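Novice: Each chain is listed here by its residues.
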Amino acid sequence: MTKLLITEITRMGPAFCVIGLQREKEKIRSVRPVSATANSWLHFPFHRGDVLQCDLAPFSGAKPHIEDRVSTRGFQKDSAVPEPEVVTYLRKAEFAGSLPELFRCVLHENRNGSGLFAMPLEPKRSICGTETRNLRLELRANELRATLVLSSGEVLRDLPVVDRDWRDFIDAARAEDRGANRVARLEQFLNSQFHYKILSCPYHFIRLGLTRPYHDLCWLMLDTLFPLPKQEWLEEF
Amino acid sequence: MAPLQDENRWRPLVEECFRREAGSQTSIPDSAQDLIETGVLDSMGWVSFLRGLESASGVNDLGAYLTEHTSSFESIFQAFQGAQAEGHSLAADSSDAKQATARAPVIIASSCAVVGSRAIPSGEIDKAFGMPDGKLRLRAGIESVAYAAEGENELTLGARAAQQALHSAACGAQQLDWIIATSETHRGYPSLAAQLHSHLLARENCGALDVGGACLGLLNGFAVAQALIAAGPARTIVVVSSDVHSRIFTPGRVAGEFGGLFGDGASAFLLCATAGIVPQHAYTLGEFFFGCAGQYAGAIRVAQSADGNLDAHFDGEALSRAAITRLEKVVREAELRSGISRSSLLGLATHQPNPRLVRLLAKQLGLPDDKFPLVAQTFGNLGSSTCGVALDTVLQSARSNHPGKYGPIFMASLGPGLLFGGGWLIAA
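Protein sequence lines correspond, in order, to chains A and B. For the first sequence, counting from 1, position 59 maps to 59 in my numbering; every step adds exactly one. For the second sequence, counting from 1, position 68 maps to 68 in my numbering; every step adds exactly one.
By construction, these hints were calculated from the structure, which means they are not laboratory data. The structure displayed is predicted, hence computed values, not measured ones. Please note that a few of the clues may not be correct.
[To be verified] Chain A is faced by these chain B residues, among others (derived, beta-carbon under 7 Å): (1) Glu15; (2) Glu16; (3) Arg19; (4) Thr38; (5) Val47; (6) Leu66; (7) Gly294; (8) Gln295; (9) Ser320; (10) Ile324.
[Said to hold, decoys possible] Restraint ranges, calculated between C-beta atoms of paired labels, are given here: (11) Gln304(B) <-> Ala57(A): 34 to 40 Å; (12) Lys197(A) <-> Glu204(B): 50 to 56 Å; (13) Glu26(A) <-> Tyr189(B): 28 to 34 Å.
Quick reminder that beta carbons are idealized off the backbone N, C-alpha and C, glycines included.
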């Protein structure tokens, strides 16, 4: 039986990916529970901060997703920890302050357009936490993208945001029942209050991940952005 | 559905950027086809495609016009139309590069390049920095470097280049409206531009302006000069670059793998507003574009430490990768923006971190090596003057070796940051 603190729930298309922290003696490391048949979950009724009981078996998944473990039975909620505490644990897990250290490999620039990628066999891990000096979210033709500067001063642009809560928040902000000019209002929020709310938060923290190999490349993405969005923020714009 | 007004003007640009993203073998989709829904592009590819379009068209917020629209060519054409209605001028409007330059007709009336008087074989540099004999030649392709002799410095080299450029155009220093200087090594006051002003005996009301950007400095200087001429009464400007690395990147202060690459040199370009009469062999400045790829910020950093020494961080491998990727991207962007095919170029005046990388860049671009003047191989990396010496070499060859055949010239350079910039010149 393993206790897993859920730290990441990401959404791409209809499926969710889940990552949690597992304590092993004095070490805290990231683990990604997958089912025996798929890398993602179509239904995952839990939240970040939930501590789940589960059974995980080793899984020889494709590099660089060395954190994959097969969940051999259902999840059972044990307890929950508040958001700031989740970040405290995340800071003790995989962490890097500069681009080459994130996945301990070379990250390449997309020669044709935007984005960064790694060659699948090179990264030593597929998830890593980091601090940012600044961060901005923007909608690019319906797609949510993040631009951020690491504590090393290196800038990452156009990272796809796959954090489920943030994507749900953006979807909610764009819902038709929100009335006129909702995209413009959302953009105004992202350019103003968002910035203050995120950067002034004492537990602001992000985790970056690598996609599974797609056309032989693993793209960099923003897996998690703390603080998580609050429902009441929707009332502010 | 009837094509949008002006659709045909944007279509070649959209199709070219699409092919770059989706691959040259991918067939061009129907205008109304949703590229994401039909699986032609994924969301990464779609945003990447739009970034390419933004970059090539100069409409920097094209994506903003596309929110709540389908991911289709049709939406893109509508977005361009919307952007134009809001006053954007689109690079794609100009099917002819000459049209694009019509807004700011500035010519290079003359140019000159000089290098430090001492030619030092690279083996001696290896020795001075305590590296194995042949390292610079074998690893970087540097045969020799030009070092300033005693009595030479940024001012003397820059002034010599400027005076020669003025002389070639029969232009007196009193005709200058601005002196724009750039240097990555001059750190004293009065600034280099101010010292050049005095040295050249320019008019008192001739402006003197220093621009930064390290190896990108010359392109920054050109862009500023072009804007000054376009904006107001300025008609004649000399842009000068001058760098003396040999007194800063010395053995003991920096590693040989870094310091050994650099040489000393200067360049000067006399830029004039065209007034109907264009001198023979003159080139017109096209457009310039700039940016900063911050993901490479960690690859090179030079700072003064508290004890007065230089604290140089240089990740050669990362920098090489960044340099090639970015220079290639800049050249491709210049090609898209100008409508000038790289195969028609007379030459490329690019930054040359080292000769090996120049050859690699030529290979990546599918161009013969001789399109790139040999600057770094003989003189070393000259900082902001590398581009200048390369451009002067291409201009001189246009005048002497290619009478009547003046192909366009591309410029592309980089600076720590990673700053990047590019532009083009066409025969006037």
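Novice: Are the hints correct? Go through all of them and say.
Specialist: Hints and how they fare:
no. : hint                                : in the structure
1   : Glu15                               : violated, 14 Å
2   : Glu16                               : violated, 11 Å
3   : Arg19                               : violated, 10 Å
4   : Thr38                               : violated, 15 Å
5   : Val47                               : holds, 5 Å
6   : Leu66                               : holds, 4 Å
7   : Gly294                              : holds, 2 Å
8   : Gln295                              : holds, 5 Å
9   : Ser320                              : violated, 11 Å
10  : Ile324                              : violated, 10 Å
11  : Gln304(B) <-> Ala57(A): 34 to 40 Å  : violated, 56 Å
12  : Lys197(A) <-> Glu204(B): 50 to 56 Å : holds, 54 Å
13  : Glu26(A) <-> Tyr189(B): 28 to 34 Å  : violated, 56 Å
Comparing the model with each numbered hint stated earlier shows that hints 1, 2, 3, 4, 9, 10, 11 and 13 do not hold.
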